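Protein chains: 2
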Amino acid sequence: MFDPVEKLAAFTRFPSVSADPAFQSGMEGARDFIASLLADSGFTVEVVPTPLHPIVLAKRDGDPTWPHVIIYGHYDVQPPDPLNLWQTAPFEPAVRDGRMYGRGAADNKGPLMVHLAAAVKVLRENPDLPLRITFLVEGEEEIGSPSFLPFLQERRRELAADFVLLSDTGSPNAEQIVITTGLRGIVAGEIEVIGPRSDLHSGVHGGAVYNPIQALAELCAGLHGPDGRVNVPGFYDAVLGVEDWEREELSRLGVSKETYRAFLGVNGFFKNDGYSPFELVRFQPTLEFNGIFGGYQGEGSKTVIPSRAGAKFSCRLVPDQDPIVIVELLEKTLRERCPPEVELRLRFGHRGAPYLVVPPGRSNTPADQPPTLARAFATAERAVARQFGKPPLFLREGGSVPIIADFKRELGLDSLMIGLFLPEDNLHAPNESFHLGVMAKGIEVSASILRSVAGAD
Amino acid sequence: MFDPVEKLAAFTRFPSVSADPAFQSGMEGARDFIASLLADSGFTVEVVPTPLHPIVLAKRDGDPTWPHVIIYGHYDVQPPDPLNLWQTAPFEPAVRDGRMYGRGAADNKGPLMVHLAAAVKVLRENPDLPLRITFLVEGEEEIGSPSFLPFLQERRRELAADFVLLSDTGSPNAEQIVITTGLRGIVAGEIEVIGPRSDLHSGVHGGAVYNPIQALAELCAGLHGPDGRVNVPGFYDAVLGVEDWEREELSRLGVSKETYRAFLGVNGFFKNDGYSPFELVRFQPTLEFNGIFGGYQGEGSKTVIPSRAGAKFSCRLVPDQDPIVIVELLEKTLRERCPPEVELRLRFGHRGAPYLVVPPGRSNTPADQPPTLARAFATAERAVARQFGKPPLFLREGGSVPIIADFKRELGLDSLMIGLFLPEDNLHAPNESFHLGVMAKGIEVSASILRSVAGAD
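Just so you know, the sequences run in chain order A and B.
Per the working numbering, the first sequence starts with residue 441, numbered consecutively.
Per the working numbering, the second sequence starts with residue 441, numbered consecutively.
Read the hints as simulated data drawn from the structure, not as lab findings.
Given the structure is predicted, the values throughout are model-derived calculations rather than measurements.
Watch out, some of these pointers could steer you wrong.
Since the list gives no way to pick one copy over another, a pair counts as held whenever it fits inside one copy or between any two copies.
Straight-line C-alpha distance at most 27 Å; calculated BS3-like pairs for lysine-lysine [stated by the list, open to error]: (1) 447 - 499; (2) 848 - 742; (3) 697 - 848; (4) 561 - 499; (5) 830 - 697; (6) 697 - 772; (7) 447 - 561; (8) 697 - 447; (9) 772 - 742; (10) 772 - 711; (11) 772 - 447; (12) 711 - 561; (13) 561 - 830; (14) 848 - 499; (15) 499 - 742; (16) 711 - 742; (17) 711 - 848; (18) 697 - 499; (19) 742 - 561.
Next up, chain A with everything else stripped away, as it sits in the complex (with noise of 0.2 Å):
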């Protein structure tokens, strides 16, 4: 007997924290476990090595004609600093109220569970199912998935599939789930600014030379215009727009702008151009400063000039803007309004594309999509409002998860995220829990999707 929940807290036991390396042993446990999990299932389980935390790849073979799914997951969690506001420790996993406490619960062992348990369960009722499963639990997930990309390349021909299902994406509550149809894309940067040889005298020198800070400040500020937008040109060239039907489902959303202003603690809303806040955050372009830094820092004051001052700062794209034409704009707009009496040094990180898949019927002009994608997202709007009382929301989301868009680009896939976190389940935050209930009515919508891509509803 197959209980997802004595699964779910014997997985969360393991402190499987990709980001230090003094939680291998834990890594090891959580990808064992998952492995022989997959195994006993009936799965043909291969772990592959990476540069770092080897993925995990399970397989339910059968005949090339019938359809497949990828499901994805990932067995990495997040630090669980600081341990102190923990109310039961991270890795010993307790049920309260309904839920399982314990980091990785929710991001991500939870939800992977549910799909799981999900095929077990219809491959229990229907061991002839004709159906193709390949699961695919990458262990760096929370570090950016950086040997991900490279599997997907190496992988390409076995990985031919219909489509992805996951869920490691977020629902407003316990009632309304979202169905994530759009991810923004990511470019982070860095910008220095050079100016005289070592920190000046601000009385000696002060008049003489153009201050780091004040050039730092002048190129930040002008990447805006005041209408709020990113004034950089070309910037918005491949934004596409946002169709009525996009709009429509945002405004069942339910949240007030006024229940947001408070969340977030702000005074007001930053320029719109026309957008509501919560249309900014998912169907515009951003360029956000995340950092600031030059000169003294400490208290009082030291009247200096500083040599250097910089600041990082990270842009979210939206379809169909391209990481690369984006950091190229950056640099050509950036290198022209640098003052010649200073020196520019740019720096950028990683980067990540936008995704965005249409839900089959919503769009008028309606995407060459697989049969089974749509019969895949038709299913789940069904079996969501059948478990949950409610239809899912179809919404684009703010966040980036690259891998998405990795998946599209590589292998052709569009991916069906159900949204199963809820906001009280404290991703990357103590108290970390996942809510059992959804877990339970997520395994019958998973299940309905699996038996409906065979064609077995």
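Using the hints provided, position chain B relative to the given structure of chain A.
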């Protein structure tokens, strides 16, 4: 026999670091030393308590009709760190190549000893010299002279004098002495911009809020106009014009722009609005950013929208800008410009007024100055020419010595500032030293001034 070099070595041996309580006994040692030396030289010494480091007040009284010169100096020094960069220990004074090495040898023990040796010399030559001299030697100069103004106010009556004589400013080289005719004032402040109640995920919420770093960058960038001038309405209203004689003196400085540019290590000078860089640092006010901070500053990237960001700045003021008015203008301008979506916090720190003395006979619009001051300036000019081979340049300086403005405002006293520091003296840096040739010549110049003021030249 008063050997000034030997006395300077003994004085420099005391580690009189005012900023660090660990050096308390060094402070006491230096204070006792200079007090005893003044007493042994015939002065009536009083050690005046302050909340921190006492002031040494030493008088040669006399007939109230005699001229009265105040000689200012300080017995405290900068911290000696980093110790490993000193060729010989900072508090074990050593003579090499005609220089006395040691922390405080130049700033300000050597120059103070110059004037003390000069006073001893002229009084030995003429014990009946009709001149009142008051030495005023403080111990808090390197920490901003917090006790100085209250002391001046308290002792206003007995400090009624003709002028102040001091050497706490610099000259470009051992042949070209500068007599400093002006100092810039200062206003230090900090801008803080507060946005959301905590750091936010830049994917989930990016686009909805006014990023505090962006608001800060806009505020900072807006504080200068495209011409490089400070863009605060009213900022320049009280700025006095520069007289022709000042530009002429400056043109004789003999440093090329190219030399200065290479020294600063910049590609070019700041926007000049018609002023040369040498003029900008002396004749024009500034607003310089001293530090900036906010959000993530570590390696790589962290995609947060920070809750707050801040910048430290300081303005250098020129005659007749009033620090109190400038603070009001800055506060008003920043509050008006800050977008309402974020909260602005402003803090203002230390402030000091600018200072200007017109050397008698130079200006077309002569000031109302005591004849003693005129005589002192004229004698200084001749004595410097005789001792150093070239007449001094009368120049304003870009730095701030707020006590000089305090002397003027509280007691109506102008200052005769004879620059005895050279660039190679390494003030505030490792291997500080004082040029013993400059010292010997300086004693003769000071002696000439004292004699002349007493009518005995």
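Next on the checklist: Flag every earlier hint the structure violates by its number, smallest first.
Outcome noted: Result: hints 3, 6, 8, 11, 12, 15, 17, 18 and 19 break, sorted rising.
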